[in-house]
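K.L.:
Now for the letters of each chain:
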Amino acid sequence: MNWDLFPQFLATGLLTGGIYSLIALGLVLIYKSSRVFNFAQGHLLMVGAFTTWWFSENLGWNVWLAFAVAIGVSALIGLLVERVALRPLIGQPILATVMMTLALAQTLQGAAIIVFGAYQRSLPALFPIQPLVLGDVRLKLNLALAFALAMLGFVVFVFFFRFTRAGLAMRAAAEDHQLAQSVGLSVPRIFGMAWAIASVVATMCGVLLANISGVELNLSIIALKAFPAVLFGGLESVPGAIVGGLTVGVIESLVGGLPQDPALRALHLGDIAPYIFMLIVLWFRPDGLFGLKRIERI
Amino acid sequence: MALRLAGDFDTSYAHDMAIIRNRGQWGMTIAFLIGLFALPFFADGHVIGTLNLIGISIIAVIGLNILLGYTGQISLGQAAFMAVGAYSAAVLVKAGVSFWLALPISGLVAGLVGLLFGLPSLRIKGFYLAMATLSAQMIIPWFFRNVRTDIFGGMPGLTMQPPRLGEIVFNSQATMYFPIMLTVVVCVIAAKNIARTRLGRALIAIRDNDLAAEVLGIAQFSHKLRAFFLSALYAGLAGALWAMYARTINPDQFSLLNSVWYLGMVIVGGMGSALGPILGAAFVRVLEEVTVQLAPVLSKLFPQLEAGLLAALGPITFGIALMLFLVFEPRGLAHRWELIKAAWRLRPFAH
Amino acid sequence: MKKIVVLIVLVMMAIIALTACAPAPTPTPVPPTPAPKPTDAPKPTTAPATTAPQPTAAPKPTDVPKPALRTKANPGEKITLYHFGDVTGPLAAITTPLVSGFNDGAKYWNGKGGIRGAEIVVEWADTASKVELAIAAYNRFREKKPLIMQMYGSGETEALKDRLAEDKIPVLTAGVSSKGSYPPGYVFAVVPIYTDQFGLFLDWLVPNWDKVKPAKGQALDSPKIAVVTWDSAYGRDALTAETRAYAEKKGVKIVGQELFTPGAPDVTTQILAAKKAGANVIYTNSLAHGPAQILKDAVSLGVRDEFMIAGSNWSLDLSMLALAGAASEGYYGVFPNLWWDDTTHPGVKIIQGEFTTNQRKPAERSVGYLLSFTFVDAMKQYIEKTIDRVGFEGLTGAAVYETIQATPELKPMEGIQSFDFGKDKRAPSKARIVQVQKGKFIYLTDWMTAPDLKPK
Numbered sequence: 001m002n003w004d005l006f007p008q009f010l011a012t013g014l015l016t017g018g019i020y021s022l023i024a025l026g027l028v029l030i031y032k033s034s035r036v037f038n039f040a041q042g043h044l045l046m047v048g049a050f051t052t053w054w055f056s057e058n059l060g061w062n063v064w065l066a067f068a069v070a071i072g073v074s075a076l077i078g079l080l081v082e083r084v085a086l087r088p089l090i091g092q093p094i095l096a097t098v099m100m101t102l103a104l105a106q107t108l109q110g111a112a113i114i115v116f117g118a119y120q121r122s123l124p125a126l127f128p129i130q131p132l133v134l135g136d137v138r139l140k141l142n143l144a145l146a147f148a149l150a151m152l153g154f155v156v157f158v159f160f161f162r163f164t165r166a167g168l169a170m171r172a173a174a175e176d177h178q179l180a181q182s183v184g185l186s187v188p189r190i191f192g193m194a195w196a197i198a199s200v201v202a203t204m205c206g207v208l209l210a211n212i213s214g215v216e217l218n219l220s221i222i223a224l225k226a227f228p229a230v231l232f233g234g235l236e237s238v239p240g241a242i243v244g245g246l247t248v249g250v251i252e253s254l255v256g257g258l259p260q261d262p263a264l265r266a267l268h269l270g271d272i273a274p275y276i277f278m279l280i281v282l283w284f285r286p287d288g289l290f291g292l293k294r295i296e297r298i
Numbered sequence: 001m002a003l004r005l006a007g008d009f010d011t012s013y014a015h016d017m018a019i020i021r022n023r024g025q026w027g028m029t030i031a032f033l034i035g036l037f038a039l040p041f042f043a044d045g046h047v048i049g050t051l052n053l054i055g056i057s058i059i060a061v062i063g064l065n066i067l068l069g070y071t072g073q074i075s076l077g078q079a080a081f082m083a084v085g086a087y088s089a090a091v092l093v094k095a096g097v098s099f100w101l102a103l104p105i106s107g108l109v110a111g112l113v114g115l116l117f118g119l120p121s122l123r124i125k126g127f128y129l130a131m132a133t134l135s136a137q138m139i140i141p142w143f144f145r146n147v148r149t150d151i152f153g154g155m156p157g158l159t160m161q162p163p164r165l166g167e168i169v170f171n172s173q174a175t176m177y178f179p180i181m182l183t184v185v186v187c188v189i190a191a192k193n194i195a196r197t198r199l200g201r202a203l204i205a206i207r208d209n210d211l212a213a214e215v216l217g218i219a220q221f222s223h224k225l226r227a228f229f230l231s232a233l234y235a236g237l238a239g240a241l242w243a244m245y246a247r248t249i250n251p252d253q254f255s256l257l258n259s260v261w262y263l264g265m266v267i268v269g270g271m272g273s274a275l276g277p278i279l280g281a282a283f284v285r286v287l288e289e290v291t292v293q294l295a296p297v298l299s300k301l302f303p304q305l306e307a308g309l310l311a312a313l314g315p316i317t318f319g320i321a322l323m324l325f326l327v328f329e330p331r332g333l334a335h336r337w338e339l340i341k342a343a344w345r346l347r348p349f350a351h
Numbered sequence: 001m002k003k004i005v006v007l008i009v010l011v012m013m014a015i016i017a018l019t020a021c022a023p024a025p026t027p028t029p030v031p032p033t034p035a036p037k038p039t040d041a042p043k044p045t046t047a048p049a050t051t052a053p054q055p056t057a058a059p060k061p062t063d064v065p066k067p068a069l070r071t072k073a074n075p076g077e078k079i080t081l082y083h084f085g086d087v088t089g090p091l092a093a094i095t096t097p098l099v100s101g102f103n104d105g106a107k108y109w110n111g112k113g114g115i116r117g118a119e120i121v122v123e124w125a126d127t128a129s130k131v132e133l134a135i136a137a138y139n140r141f142r143e144k145k146p147l148i149m150q151m152y153g154s155g156e157t158e159a160l161k162d163r164l165a166e167d168k169i170p171v172l173t174a175g176v177s178s179k180g181s182y183p184p185g186y187v188f189a190v191v192p193i194y195t196d197q198f199g200l201f202l203d204w205l206v207p208n209w210d211k212v213k214p215a216k217g218q219a220l221d222s223p224k225i226a227v228v229t230w231d232s233a234y235g236r237d238a239l240t241a242e243t244r245a246y247a248e249k250k251g252v253k254i255v256g257q258e259l260f261t262p263g264a265p266d267v268t269t270q271i272l273a274a275k276k277a278g279a280n281v282i283y284t285n286s287l288a289h290g291p292a293q294i295l296k297d298a299v300s301l302g303v304r305d306e307f308m309i310a311g312s313n314w315s316l317d318l319s320m321l322a323l324a325g326a327a328s329e330g331y332y333g334v335f336p337n338l339w340w341d342d343t344t345h346p347g348v349k350i351i352q353g354e355f356t357t358n359q360r361k362p363a364e365r366s367v368g369y370l371l372s373f374t375f376v377d378a379m380k381q382y383i384e385k386t387i388d389r390v391g392f393e394g395l396t397g398a399a400v401y402e403t404i405q406a407t408p409e410l411k412p413m414e415g416i417q418s419f420d421f422g423k424d425k426r427a428p429s430k431a432r433i434v435q436v437q438k439g440k441f442i443y444l445t446d447w448m449t450a451p452d453l454k455p456k
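If you read the sequences in order, they're chains A, B and C. Residue numbers for the first sequence follow my numbering, so the first one is 1 and each next one is one higher. Residue numbers for the second sequence follow my numbering, so the first one is 1 and each next one is one higher. Residue numbers for the third sequence follow my numbering, so the first one is 1 and each next one is one higher.
No lab work stands behind these hints: they were computed from the structure. Backbone N, C-alpha and C fix where the C-beta goes; we use that ideal spot for every residue, glycine too. Hints may be right or wrong, so weigh each one.
Cβ-Cβ distance ranges computed for the label pairs, FRET-style [said to hold, decoys possible]:
(1) A:L10 with C:A219: 23 to 33 Å
(2) B:L339 with A:Q178: 28 to 38 Å
(3) B:F302 with C:A219: 55 to 65 Å
(4) B:D8 with A:G184: 31 to 41 Å
(5) B:L119 with C:R244: 16 to 26 Å
(6) C:R244 with B:V169: 33 to 43 Å
(7) B:W344 with A:G72: 50 to 60 Å
(8) B:V147 with A:R171: 37 to 47 Å
(9) A:G91 with B:L116: 33 to 43 Å
(10) A:L152 with C:L220: 35 to 45 Å
(11) B:V147 with A:F284: 24 to 34 Å
(12) B:T197 with C:R244: 32 to 42 Å
(13) C:E393 with B:L339: 35 to 45 Å
Think about it this way: if two alpha-carbon atoms lie no more than 30 Å apart in a straight line, the pair counts; the simulated DSS-like pairs of lysine-lysine are [stated by the list, open to error]:
(14) C:K168 with B:K94
(15) B:K300 with C:K361
(16) B:K300 with C:K168
(17) C:K349 with B:K300
(18) B:K300 with C:K78
(19) C:K145 with B:K300
(20) C:K456 with B:K300
(21) B:K94 with C:K454
(22) C:K385 with C:K411
(23) B:K94 with C:K423
(24) C:K72 with B:K300
Take these sequences, add in the hints, and give me the full structure.
P.N.:
This is the structure in structure tokens:
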């Protein structure tokens with residue numbers, strides 16, 4: 001076992017986990033407000049990254065400006081998606097909405113190819129490629145800064161939900177749609193807002209990822225890693241999304257890095273470990289770590 | 001509502017239970033079956049190939065429908081259970097077992113694996129159960145990729161010799177059509193009847209309200225496990241047929257996305273009906289096939305355009321068609337079919 | 001006639017609109033592109049009339065013994081070439097230029113009189129990397145009795161291999177896994193299979209170690225290789241029992257295999273584990289994002305000068321350069337074909353000319369476009385050789401297969417690639433070692449022959 005590298009792998013895992021938690025946050029936001037599990041989150045992420053690339057490369061804007069504009073655009077995309085695709089399904093079986101997000105993913109994939117082209121592109125570097133050495137631990141500076149930005153994003157969202165009117169309205173709607181309606185909140189508008197925010201979060205995440213690994217269609221695949229993350233945390237909990245994401249990142253990195261035996265390493269255990277861990281967690285805590293336990297009445 | 005044909009009365013218990021109720025229906029059923037099995041003699045290989053794929057999907061989707069539509073348990077692992085069936089069949093055939101024997105065995109093996117991953121359903125429900133099955137979806141292909149690569153072939157997978165029956169080698173689309181469609185017919189009839197037995201009704205009760213069902217004396221856990229077993233059994237059969245269809249199987253063919261699309265086919269077809277899986281699988285597969293063929297046609301019209309741009313119209317058309325479908329038909333095709341049937345039977349009085 | 005002109009104008013307007021919408025990433029100015037078009041477009045359409053008779057007039061009359069083979073196409077006769085690959089799925093970025101190159105290649109040769117006067121028609125299909133769609137596309141094409149097909153994915157090739165043999169349809173494939181190419185069937189790989197490439201890399205590495213070893217790093221007395229690669233059939237195809245044995249014979253230590261998921265944002269764990277295991281060379285069998293991520297992460301860990309980093313042929317492409325940027329400097333690879341930079345080479349010149357004429361986008365100037373343009377020529381030459389042997393009447397997939405097998409050497413596009421298939425040989429074995437220097441591929445060696453490391 002590579003125990004001497006333990007702090008290294010732990011730190012790397014945490015940083016990667018930060019990215020996973022940001023994706024998980026988008027999933028949680030939508031699920032919490034509208035009970036829709038969004039299979040298109042990865043594709044929103046990919047589109048967000050491509051939009052930023054488009055503004056910076058095609059129009060020659062500064063990356064950060066392009067990033068800011070792309071965030072605005074993605075909010076619009078989120079609103080549009082909710083209005084066109086999801087709102088007609090209010091009141092229909094929940095699973096129809098799952099299907100809708102799948103159809104949405106296909107459409108976004110095709111649209112991205114038409115608008116941006118299928119090619120790999122590189123984003124002008126937001127952060128330089130260089131090491132960040134902390135004692136024995138060597139980290140990627142760009143990943144560390146991406147992690148910091150992701151955590152900053154989380155803090156902003158926590159404040160948003162705690163202290164702003166819109167944030168409070170969203171929490172109220174998440175609690176009970178009918179109650180929220182009866183106190184004068186427009187639930188469809190809140191759904192729209194949830195999608196807009198989720199789309200913004202996806203774009204943030206997409207750009208941070210693209211800064212590390214480049215802009216490409218396959219960025220959408222990384223959303224798969226967020227599925228176990230939301231489960232650890234519980235589908236309805238924002239802090240859960242952070243904890244879940246970090247846990248998945250750490251497990252992946254530790255299990256992937258620590259074993260030294262080549263035969264064991266060839267199994268690519270890091271890839272599967274989060275899911276095995278997930279099974280174990282589900283056995284002991286069926287509602288995830290932070291999920292809400294619903295009491296049922298007959 | 002189940003509207004009966006005029007003049008069709010239940011004169012005996014047997015008749016009360018019958019699915020096919022009168023001579024007209026018998027005639028139509030027989031004509032349909034003859035047509036179904038006579039088709040390869042007229043249609044070309046591509047049409048038959050598409051039908052074969054639809055047939056395999058139908059079997060997997062029927063299985064999922066038992067779990068999702070009747071029992072109300074979401075599974076994201078149907079493709080993984082198909083993988084179990086496909087690998088069992090390929091390994092057995094390699095070991096010298098006849099494919100025709102390997103087919104039911106691989107169904108059973110998949111069923112048992114399904115049982116294993118159904119165990120968490122004791123405590124978990126809803127989306128969390130979906131995630132337990134998601135881990136099945138991840139762990140099973142990982143297993144075939146990495147464990148005992150001498151048996152399972154590792155990453156490149158296994159190649160299965162085409163099955164034989166006497167002189168006939170089942171290696172063309174037209175020959176494969178018969179075992180596939182025969183299995184489909186058997187599976188459809190079995191599923192229809194499972195839904196009407198005590199087991200099926202118990203499953204529906206669990207779906208509608210699991211606590212109430214428990215109070216009524218339906219052992220929830222064992223019934224859920226049975227549903228998992230049946231669902232995976234169907235997936236295993238579909239997997240074994242897929243191994244025959246694809247010849248070479250590898251873990252990548254059974255991805256999460258496949259599982260999710262099976263889920264989609266159940267939803268498009270209509271949950272909890274016998275007809276739903278058939279319509280759903282056919283609809284999605286045909287739509288896929290049509291949209292994929294769109295791009296090459298367009299590229300002949302606009303040869304200057306980059307092929308990728310035109311090909312991208314495929315997924316877009318596919319996605320938008322599905323979206324429109326969901327907006328106008330969120331309860332699935334089977335529901336619409338019931339409405340049409342009812343309207344026809346009530347004609348000319350619409351209400 | 002008027003209608004046609006109107007149609008052409010409309011099509012061009014649509015194209016201009018689309019190219020304006022779609023991104024044009026490099027600094028190439030857009031305005032000049034619409035201008036040359038009206039003058040360039042008529043050229044290929046008028047050319048066939050004048051050039052067509054030339055090739056047909058030349059070769060055949062000497063061939064007397066056989067009873068008058070028809071080696072010239074009847075008017076209006078067409079030969080269809082089929083190809084299919086993933087244009088909208090995970091490999092879209094790689095395959096799209098392949099499709100464009102193939103179409104442009106067919107257009108170019110039609111301008112030169114087609115195949116013995118027969119017009120080349122191209123049919124293609126998108127598979128989105130789904131085996132079911134690949135099988136469906138194959139079923140569709142199979143009905144039309146293809147002479148030869150082109151495929152791009154390893155998985156698709158492997159799944160269809162047995163069927164191709166049964167239906168007697170030869171295939172050139174860019175997915176050159178060892179399982180797809182061997183045991184010999186109707187599948188012909190267009191570059192050396194990955195195991196052979198790894199062997200060739202070892203052949204070169206051992207005598208040159210002192211020259212190319214990393215500046216610092218551990219135990220530099222001999223190369224110690226870690227294969228850091230994708231966890232996919234393609235990624236894992238470099239390190240097999242055969243290549244392990246070969247490395248041992250060469251005195252090279254393989255310290256381990258580190259796997260990562262395609263698209264993973266972080267491979268530092270794999271790199272550090274490789275370092276821990278004692279590696280001073282990293283070899284990868286991945287493409288585009290894969291090698292780019294390894295290179296960038298090695299730089300951002302500050303360990304770039306402790307490793308020599310190399311990879312197989314598909315890793316050497318525009319996408320890798322674009323994604324890795326400055327980090328790509330010094331990357332080694334096995335290179336079995338020529339490159340766009342060989343501007344004096346006649347074949348590359350032709351392709352570059354067509355690339356400009358057809359106004360392809362800079363992002364398509366990849367290995368895919370170059371090679372699939374070349375594949376069309378290879379197919380054309382194989383079919384022409386078959387026609388010479390059996391005439392148009394005897395033209396079948398099986399006959400073309402016989403020709404491919406019996407042609408000891410074929411150099412399509414004046415030698416951009418070189419194919420030497422034989423009775424039991426299903427992949428070429430010539431390649432050179434290149435290194436990335438200032439964003440360009442620089443040849444370090446002359447053509448070398450890869451060892452035969454196909455699976456037993």
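K.L.:
Now tell me, hint by hint, if it's right for this structure.
P.N.:
Okay, the hints, checked on the actual structure:
no., hint, result
1, A:L10 with C:A219: 23 to 33 Å, "holds, 28 Å"
2, B:L339 with A:Q178: 28 to 38 Å, "holds, 29 Å"
3, B:F302 with C:A219: 55 to 65 Å, "holds, 58 Å"
4, B:D8 with A:G184: 31 to 41 Å, "violated, 54 Å"
5, B:L119 with C:R244: 16 to 26 Å, "violated, 40 Å"
6, C:R244 with B:V169: 33 to 43 Å, "holds, 38 Å"
7, B:W344 with A:G72: 50 to 60 Å, "holds, 52 Å"
8, B:V147 with A:R171: 37 to 47 Å, "holds, 46 Å"
9, A:G91 with B:L116: 33 to 43 Å, "holds, 37 Å"
10, A:L152 with C:L220: 35 to 45 Å, "holds, 43 Å"
11, B:V147 with A:F284: 24 to 34 Å, "holds, 26 Å"
12, B:T197 with C:R244: 32 to 42 Å, "violated, 56 Å"
13, C:E393 with B:L339: 35 to 45 Å, "violated, 58 Å"
14, C:K168 with B:K94, "holds, 25 Å"
15, B:K300 with C:K361, "holds, 20 Å"
16, B:K300 with C:K168, "holds, 27 Å"
17, C:K349 with B:K300, "holds, 27 Å"
18, B:K300 with C:K78, "holds, 15 Å"
19, C:K145 with B:K300, "holds, 20 Å"
20, C:K456 with B:K300, "violated, 44 Å"
21, B:K94 with C:K454, "holds, 23 Å"
22, C:K385 with C:K411, "holds, 13 Å"
23, B:K94 with C:K423, "holds, 28 Å"
24, C:K72 with B:K300, "holds, 26 Å"
Comparing the model with each earlier hint shows violations of hints 4, 5, 12, 13 and 20; every other hint is respected.
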